[in-house]
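Undergrad: What follows is the residue order along each chain.
There are 2 protein chains.
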Amino acid sequence: MTFQLHPEGSGCLYEQIYEHIRKEIKEGKLLAGERLPSTRALAEYLQVARSTVDYAYGQLLSEGYIESRPCKGYYACALEEMPWTEEPGGETGAQTQSGVPPLSGEGVIDFSPYDIDMTGFPFSVWKKITKHILTCANSDLFARGEAQGDYGLRLTISRYLHSSRGVNCRPEQVIVGAGNDYLLLLLEKILGRHVRIAMENPTYKRSYRIFQSFSYPISTVDMDEWGMRADRLERENVSAVYVMPSHQFPTGTVMPIGRRMELLRWAAREPERYLIEDDYDSEFRFRGKPIPALQASDRHGRVIYLGTFSKAIAPAIRVSFLVLPESLLEKYLRECGFYSCTVSRIDQSILDEFIREGYFERHLNKMRKIYRAKHELLLNLLQPFREEFDISGENAGLHLVLTSRGGSAERELVRRAAEQGVRVYGLSESMVEEAPDSASVLLGFGGLSGAAIQEGMERLGQAWKQ
Amino acid sequence: MTFQLHPEGSGCLYEQIYEHIRKEIKEGKLLAGERLPSTRALAEYLQVARSTVDYAYGQLLSEGYIESRPCKGYYACALEEMPWTEEPGGETGAQTQSGVPPLSGEGVIDFSPYDIDMTGFPFSVWKKITKHILTCANSDLFARGEAQGDYGLRLTISRYLHSSRGVNCRPEQVIVGAGNDYLLLLLEKILGRHVRIAMENPTYKRSYRIFQSFSYPISTVDMDEWGMRADRLERENVSAVYVMPSHQFPTGTVMPIGRRMELLRWAAREPERYLIEDDYDSEFRFRGKPIPALQASDRHGRVIYLGTFSKAIAPAIRVSFLVLPESLLEKYLRECGFYSCTVSRIDQSILDEFIREGYFERHLNKMRKIYRAKHELLLNLLQPFREEFDISGENAGLHLVLTSRGGSAERELVRRAAEQGVRVYGLSESMVEEAPDSASVLLGFGGLSGAAIQEGMERLGQAWKQ
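Going down the list, the protein sequences come from chains A and B. Heads up: the first sequence begins at 1 in the numbering used here, then just goes up one per residue. Heads up: the second sequence begins at 1001 in the numbering used here, then just goes up one per residue.
The following block holds chain A by itself, in its conformation from the complex:
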């Protein structure tokens, strides 16, 4: 491997190293299994600091281009394992388009922002654990468990949340439930009937519908580039705010610490004000530093944290969890503690073992790699679109937002895409009040194979060219 650094060229030194090696692998010049030079040797050869090479290798590693073998060094990965090359048959889900290779002109390509990649689901591990749980099971496991969920699982969840999201909680504060919808139903019983709630606009429509079905009066609060305008809350006369600070749906906005503190101050200003933090896909972040949960900054017990394993593992794993602040925990125990748990003890045990044995972390690492690769692919394929579109929400999550600079109507973009057999999602689908036709569409990539993303972007190029 030889290459030239350009100290005056585009990108800093580590980026050049990273780009060069990545290209070598992608073009097949560095073959799978080939050993890379040690970081020390490469640093000496290039006459750069070893930390610069370390950083580049770290990036390649986390993106799955290379792997590290203990005591041996770094090796190029087999790109056949990359998600956009052909998938092995049999385990392709109905929600992914990967079941239609080669992509014919007739298959609709659905850039759904709600789908996830199920080809990465660790079937064999899940089966193994299930078998193990059932083998060890005694009739206890088939008896009614604790209303909040088994203590063991709640302990595991609280530990995971602390290490991965900075959430501070005792297992006693965790309530396990079968999906976010159910937990929101339970939350209504805890908060009571007379809640006035504020939501971002646009927002996650499912939650909006749920609050509607509670007959909660809903105020929508506009967003700027830092997220919900906290300064507008005081005049809205609300007692609860539903937010997605780490990755807002659908805009992809990440709320900076300043705005978070504003929200927390608003909540602390009056008694019984709460922030409902929906941290729905915090596991997938591709650029910049990890962002802790809003709950991590809460000093006054005003944040209700809502998380789920549906995105990170599989939708069928019907396990979500609420973390209640202490004040609401008392109310829950007093008034709602009799509602029995909606997740079977068997399923709780399987998930608990899956996390405790380290499989969850490994699965997340794998999925991050897969999604990161898809994300990069999509961003690369979007290059030719950048003249016509602004791209946002590209730091995290499983979708991007494209906004037409020329102000092409969303309706038009969706229609023209559909004519080419591509489904994209208008931003106004997530708007909750009479929505002016936006100029933005969402492109989700979670459930699409690399081949489908490639084909889909080609079609969009056709669809949207002037």
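Think of the hints as simulated: they come from the structure by calculation, not from any bench. Hints may contain errors.
[Claimed, not checked] Below, simulated SDA-like cross-link-like pairs (lysine to any residue); rule was C-alpha separation at most 20 Å, straight line:
#1 A/Lys131 to B/Ile1129
#2 B/Lys1465 to B/Arg1415
#3 A/Lys311 to B/Phe1338
Given the coordinates of chain A, assemble chain B onto it according to the supplied hints.
TA: Relative to chain A, chain B alone:
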């Protein structure tokens, strides 16, 4: 086997035959595996109609004293399999007392009316099916399923309900959910906020608390020997009635058809009146004809049927179901159809296979035998109590009600039982308004082994003797 019939003796002929054979088996005079005379031979020998012998044999068969082998005849069963003899270790649940043989004076015997016998749970079958489901599983099974539950399971449930309970419904009317509590939460969203509800008094306290948490105004309606006083409903100004017609909890009252028709007429008299039928333990009926569900008689689409697999299989099987009348189904689809299903598709598939392959029916038959035997044992042991107590609710379900003839206060009965290490349940625990101290206690036997029942009744004899 020789015996004498007493045409003038106590009991009709078939009862004498039944009693005689049962006694022979219990006393070990007829050994397990020994063949009984054919019905024809015995009828000839006794000079009675063959149908009389048929009937006696049928009773013995259903109670597990004898078994029928195809083309071979009838054989005495091994009584070691009877639940009150020693249980095999290892699979005894925390909820049952069977884990403490021999019963020491220190072990509390809990006649809980809520417990079930988990020693009969078909672990190996459940494991086998789970393994099979996971082996055949593709990623579809881990994807989000239908909001109402998978169609296949709903079809299976509707067929089961039709054949076993006379319920008339299409699979489209069935909503699968993780437990009754969740389904009642969903029902609140369907019925709306402004429901005034009537309940029997006493009633099932858990449901009462749930309706309370909905802030529904609750009227309690007195019962007579036929159940809820339907004639009182008109003046209560309610729009919904929660009833348990097939086996009222806690009284054990079975509502006769006349009273049922009164309820149905009340519901049909005004639009938007509904009867919520909780058929919580209809599977276990020991005397008299099977009673169909109230829903089976509903001609105007006014019954909302609620059932569960928690009692019949295991509490951990978090699967309950609502059957909505057509008018509410439309409302559900329009206003609540977005609430995602709370039961994982894997669990749905396991249960579906368990029912479709006939395991559920076999399990029910087995449990009926087990419970019937415990029920008989308890009734026999209650003979000496009959001077002091009236016994009611003895036709079905997993508990009986004892009412002191002398009017001993419930509180006193519970306290004196506790002093002997026995827990019994005062009827007033199920009363929903300021309860006058009753003279009744509940004795549940579902979760107790035969040995525990025996020991418990001895202690109660001590506790309650004057």
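Undergrad: Against each hint, give a clear statement of whether it holds in the structure.
TA: Hint-by-hint comparison with the structure:
no.	hint	result
1	A/Lys131 to B/Ile1129	holds, 11 Å
2	B/Lys1465 to B/Arg1415	holds, 13 Å
3	A/Lys311 to B/Phe1338	holds, 18 Å
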